[in-house]
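From first to last, the protein sequence lines stand for chains A and B. The first sequence stops at residue 94 when you use my numbering, and every number in between is there. The second sequence stops at residue 94 when you use my numbering, and every number in between is there.
If you are wondering where the hints come from, they were derived from the structure by calculation, not from laboratory data. All values reported here derive from a predicted model rather than from experimental measurement. Hints may be right or wrong, so weigh each one.
Copies of the same chain look alike in the list, so a pair counts if it works inside one copy or between any two.
In silico lysine-lysine, DSSO-like type, Cα no more than 27 Å apart, as pairs [said to hold, decoys possible]:
#1 K21 / K65
#2 K36 / K21
#3 K74 / K10
#4 K73 / K50
#5 K50 / K36
#6 K36 / K89
#7 K29 / K50
#8 K36 / K74
#9 K10 / K73
#10 K29 / K10
Here are the chains, one letter per residue:
Protein chains: 2
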Amino acid sequence: MKYRAEINIMPLKALLDPQGKTITASMKNLGLEEIENVRVGKHINLDVHAGSREEAKEKVNTACKKLLANPIMEYYEFELKEGDVT
Amino acid sequence: MKYRAEINIMPLKALLDPQGKTITASMKNLGLEEIENVRVGKHINLDVHAGSREEAKEKVNTACKKLLANPIMEYYEFELKEGDVT
Numbered sequence: 009m010k011y012r013a014e015i016n017i018m019p020l021k022a023l024l025d026p027q028g029k030t031i032t033a034s035m036k037n038l039g040l041e042e043i044e045n046v047r048v049g050k051h052i053n054l055d056v057h058a059g060s061r062e063e064a065k066e067k068v069n070t071a072c073k074k075l076l077a078n079p080i081m082e083y084y085e086f087e088l089k090e091g092d093v094t
Numbered sequence: 009m010k011y012r013a014e015i016n017i018m019p020l021k022a023l024l025d026p027q028g029k030t031i032t033a034s035m036k037n038l039g040l041e042e043i044e045n046v047r048v049g050k051h052i053n054l055d056v057h058a059g060s061r062e063e064a065k066e067k068v069n070t071a072c073k074k075l076l077a078n079p080i081m082e083y084y085e086f087e088l089k090e091g092d093v094t
């Protein structure tokens, strides 16, 4: 069975996000004063082959912990969908 | 009314994603051969004040087009949620 994982990796809420702050400031120059609290992270899509949803979840967790996210500065969350999603 | 936008900005499907390719290759070294088709983009959260959902949508579209996404290389999609979401 193939699962599609949609992973978001974001800077921890307790940390400043300089890139987000800069974008928030730039919004003002674009006349978009109504936009605030911009935070920037990564979005990662991947396909994982696994026998069950539980197994797929475990593999994605391993990938996030070992490679994709840096737990000192980031947290991650993901959704799993079944089958080919484009 | 305050809306929270969750924006994903991804490399266009027709384009190679060298960062994603590298991560796919690294998965093998971690013993995660079952993971493939990794693509890496940005995830951006922001709050927008607007009178209506339509207005909020328009503002987020403007922000994406003018500042956040590069349409030559990226496409974007977003979800709007009402109120304070943490």
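Hint check results:
When the C-alpha separation of K21 and K65 is checked against a cutoff of 27 Å, the pair qualifies both within a copy, at 24 Å, and between copies, at 25 Å. Proximity of K36 and K21 under a CA criterion of 27 Å is satisfied intra-copy only: 23 Å inside one chain copy versus 32 Å between copies. For the identical chains of this complex, K74 and K10 are intra-copy neighbours only, at 21 Å inside a copy versus 36 Å across copies, given an alpha-carbon limit of 27 Å. Proximity of K73 to K50 under the C-alpha cut-off of 27 Å is found in both arrangements, the shortest distances being 14 Å within a copy and 19 Å between copies.
Proximity of K50 to K36 under the C-alpha cut-off of 27 Å is found in both arrangements, the shortest distances being 24 Å within a copy and 21 Å between copies. Proximity of K36 and K89 under a CA criterion of 27 Å is satisfied inter-copy only: 22 Å between copies versus 37 Å inside one chain copy. Taking the shortest Cα distances, K29 and K50 sit within 27 Å of each other both inside one copy (16 Å) and across copies (16 Å). Proximity of K36 and K74 under a CA criterion of 27 Å is satisfied inter-copy only: 12 Å between copies versus 38 Å inside one chain copy.
Within a single copy, K10 and K73 get their C-alpha atoms as close as 21 Å, which meets the 27 Å cut-off; across copies the closest is 33 Å, which misses it. Taking the shortest Cα distances, K29 and K10 sit within 27 Å of each other only across copies (19 Å), while inside one copy they are farther apart (38 Å).
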